[in-house]
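Visitor: Taking the hints into account, I'd like the entire structure generated from these sequences.
Going line by line, the protein sequences match chains A and B. For the first sequence, position 5 matches number 12 in the numbering used here, and the numbering has no gaps at all. For the second sequence, position 374 matches number 377 in the numbering used here, and the numbering has no gaps at all.
Heads up, simulated SDA-like pairs for lysine to any residue below, C-alpha to C-alpha not over 25 Å straight-line:
1) B:LYS308 <-> B:PRO77
2) B:LYS100 <-> A:THR89
3) B:LYS296 <-> B:ALA189
4) A:LYS146 <-> B:THR73
5) A:LYS146 <-> B:MET70
6) B:LYS305 <-> B:ILE66
7) B:LYS108 <-> A:THR28
8) B:LYS308 <-> A:ASP147
9) A:LYS146 <-> B:PRO310
10) A:LYS146 <-> B:VAL336
11) B:LYS65 <-> A:CYS132
Across the chosen pairs, the derived CB separations fall in these ranges:
12) A:THR140 <-> B:ASN26: 20 to 30 Å
13) A:GLY17 <-> B:GLN213: 43 to 53 Å
14) B:PRO310 <-> A:TRP65: 10 to 20 Å
15) B:LYS196 <-> A:GLU12: 48 to 58 Å
16) A:THR140 <-> B:GLU256: 49 to 59 Å
17) A:ASP23 <-> B:ILE210: 53 to 63 Å
18) B:ASP155 <-> A:ALA152: 41 to 51 Å
19) B:LYS260 <-> A:ILE70: 42 to 52 Å
So these bits of chain A aren't anywhere near chain B, every CB distance computed over 10 Å:
20) ALA34
21) PRO40
22) LEU42
23) PRO45
24) ARG91
Rather than coming from a laboratory, the hints here were simulated on the basis of the structure. Think of the CB as a built atom: it goes at the ideal place given N, C-alpha and C, for glycine as much as any other residue.
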Amino acid sequence: MTLIETALDGLDVAVDGLEYTTCGLHAQAEVRPDLLRPVCRALHSLGFFLETVTAIDWLADEIIQGVYLFNHYEQNTRFKLTIRTVRAHPVFPSVGAIYPGAVWHERETGEFFGITYKDSPDSRCLLLPAETTFHPLRKDFRPQAQPVDTA
Amino acid sequence: MFESKTAPTYHLESMEENQFVLNLGPQHPGTHGVLRVVLHMDGEYILTADPVLGYGHRMQEKIAETMTYTQVLPYMARMDYLGALFYNQAWVCLVEKMCGFEVPKRAEYIRVLCAELNRIASHFLWFGAFLLDLGAFTPFLHAFADRERILDLLESVTGSRLTHCYFRFGGVGADVDNVFLAGAQAFVDHMRKHLPTYHSLVTGNVIFQQRTKDVGVILPFETWGYGISGPVLRGSGKQYDVRTSEPYSIYPELDFKVPVEQAGDCLARYLVRLREIEESLNIIEQTIAGMPKGPVRSKVPKIIKPPEGEAAMAVETPRGELMIYLVSDGSTVPYRVKYRVPSFANLSIFSHLARGRLLADALAILGSLDMVIPEVDR
Numbered sequence: 008m009t010l011i012e013t014a015l016d017g018l019d020v021a022v023d024g025l026e027y028t029t030c031g032l033h034a035q036a037e038v039r040p041d042l043l044r045p046v047c048r049a050l051h052s053l054g055f056f057l058e059t060v061t062a063i064d065w066l067a068d069e070i071i072q073g074v075y076l077f078n079h080y081e082q083n084t085r086f087k088l089t090i091r092t093v094r095a096h097p098v099f100p101s102v103g104a105i106y107p108g109a110v111w112h113e114r115e116t117g118e119f120f121g122i123t124y125k126d127s128p129d130s131r132c133l134l135l136p137a138e139t140t141f142h143p144l145r146k147d148f149r150p151q152a153q154p155v156d157t158a
Numbered sequence: 004m005f006e007s008k009t010a011p012t013y014h015l016e017s018m019e020e021n022q023f024v025l026n027l028g029p030q031h032p033g034t035h036g037v038l039r040v041v042l043h044m045d046g047e048y049i050l051t052a053d054p055v056l057g058y059g060h061r062m063q064e065k066i067a068e069t070m071t072y073t074q075v076l077p078y079m080a081r082m083d084y085l086g087a088l089f090y091n092q093a094w095v096c097l098v099e100k101m102c103g104f105e106v107p108k109r110a111e112y113i114r115v116l117c118a119e120l121n122r123i124a125s126h127f128l129w130f131g132a133f134l135l136d137l138g139a140f141t142p143f144l145h146a147f148a149d150r151e152r153i154l155d156l157l158e159s160v161t162g163s164r165l166t167h168c169y170f171r172f173g174g175v176g177a178d179v180d181n182v183f184l185a186g187a188q189a190f191v192d193h194m195r196k197h198l199p200t201y202h203s204l205v206t207g208n209v210i211f212q213q214r215t216k217d218v219g220v221i222l223p224f225e226t227w228g229y230g231i232s233g234p235v236l237r238g239s240g241k242q243y244d245v246r247t248s249e250p251y252s253i254y255p256e257l258d259f260k261v262p263v264e265q266a267g268d269c270l271a272r273y274l275v276r277l278r279e280i281e282e283s284l285n286i287i288e289q290t291i292a293g294m295p296k297g298p299v300r301s302k303v304p305k306i307i308k309p310p311e312g313e314a315a316m317a318v319e320t321p322r323g324e325l326m327i328y329l330v331s332d333g334s335t336v337p338y339r340v341k342y343r344v345p346s347f348a349n350l351s352i353f354s355h356l357a358r359g360r361l362l363a364d365a366l367a368i369l370g371s372l373d374m375v376i377p378e379v380d381r
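Guide: Put into structure tokens, the structure is as follows:
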């Protein structure tokens with residue numbers, strides 16, 4: 008039984024193995040948004056650290072995919088966890104209460120993609136100015152179309 | 004709908020006597036770049052610390068989505084300008100992994116040799132700046148004089164002193180000559196003689212010990228919640244180094260140790276980095292001795308088009324684990340690039356460490372985390 012299987016034992020999650028030598032990831036799983044926190048809690052309790060939180064904008068499919076990458080200090084196991092939602096009003100549950108380091112990642116991903124992380128301990132903008140109204144990593148964002156503040 | 008809250012407001016009239024708000028930065032030598040920390044103080048003690056980021060933000064990830072794979076390469080050195088070659092290495096290894104390019108053995112040796120020189124140069128700058136934060140001026144001069152030797156060496160092969168762009172898909176930009184190898188060996192010999200001076204100047208110094216011992220302690224169980232990596236993690240007793248945990252390039256063939264300290268304080272992080280310099284010297288010596296003959300670049304297509312799919316590649320930079328996650332749609336331009344940078348995760352624990360400490364301790368903690376702000380802001 009791999010470390011991932013041990014961690015997710017008893018949760019309704021289907022884990023797919025990946026070809027590590029060509030993609031650098033050991034396994035992946037797509038979960039329902041309501042299962043995100045239980046899965047993160049299980050991974051945290053086994054010592055998995057959160058490498059990053061990010062998202063991918065699939066413009067053609069009208070989907071925003073949340074990506075969570077985990078790894079383990081003692082036993083190298085890179086695990087990709089994904090959740091998806093509609094592009095119009097993306098809302099994901101925050102895992103900041105489980106992984107305190109996730110708060111900054113969620114603030115960054117939130118402002119870049121226009122995602123609301125529900126129940127986040129801190130949802131301010133992180134890297135962009137507080138008054139920013141655009142979301143630069145959305146695929147339909149055109150940098151050239153933005154007014155340039157020369158003041 | 005996307006909601007964004009504004010910064011917390013401090014109600015000065017309701018604060019108790021002795022309490023005040025102090026702005027550290029954005030232009031402060033102790034923040035090593037344009038970082039601002041809003042400190043809520045009670046006298047000399049910190050009640051809360053709130054880092055404000057983004058002064059050096061350049062939207063590197065969007066830039067990467069608008070350029071070809073080759074054009075992105077030199078941009079990355081602008082993130083961590085003290086460890087430019089590690090960004091080179093992560094990107095070329097990632098694309099080589101996805102496309103299945105072969106890399107000649109000599110090129111791998113040159114890459115590791117130059118990367119380890121870069122690591123030592125970065126640690127020297129950290130050493131000088133950290134001690135300067137603590138009020139010691141002389142160590143800075145020693146470290147910068149030695150760092151200059153590395154910059155001269157790297158300039159002779161990469162053509163630049165700071166934001167190197169030397170690695171290419173399938174190898175390196177140009178071969179190294181015997182003058183460079185002899186210079187690298189002379190540097191190793193010099194450092195073996197000179198490193199004890201660093202210890203006699205600083206390590207045993209009573210003032211230094213009192214400023215760093217039991218200050219900013221990161222407990223082992225706090226490390227994975229924040230995703231800590233690099234020397235900061237290894238100062239807290241975890242033996243995680245991408246070079247051995249998830250080996251890449253020729254690191255499995257080399258003989259070196261991963262220094263670990265148990266205390267988790269600023270002193271432990273200092274000791275780990277100094278011992279890492281010694282280990283890097285060992286690696287450099289082994290790569291010079293074992294440098295194979297042959298080509299330094301394999302034949303790769305002019306237009307890079309990784310197959311549709313995703314890949315992740317991690318390397319150990321002087322600050323910890325750099326991981327690049329790439330999603331390719333099969334075209335000449337990346338669909339999505341995510342930089343998982345070590346400074347970002349390592350700085351995120353700062354608020355937690357600074358709470359309840361003296362202001363002077365906060366500067367020691369910031370210095371010991373060794374973050375590069377343009378890397379945090381990207």
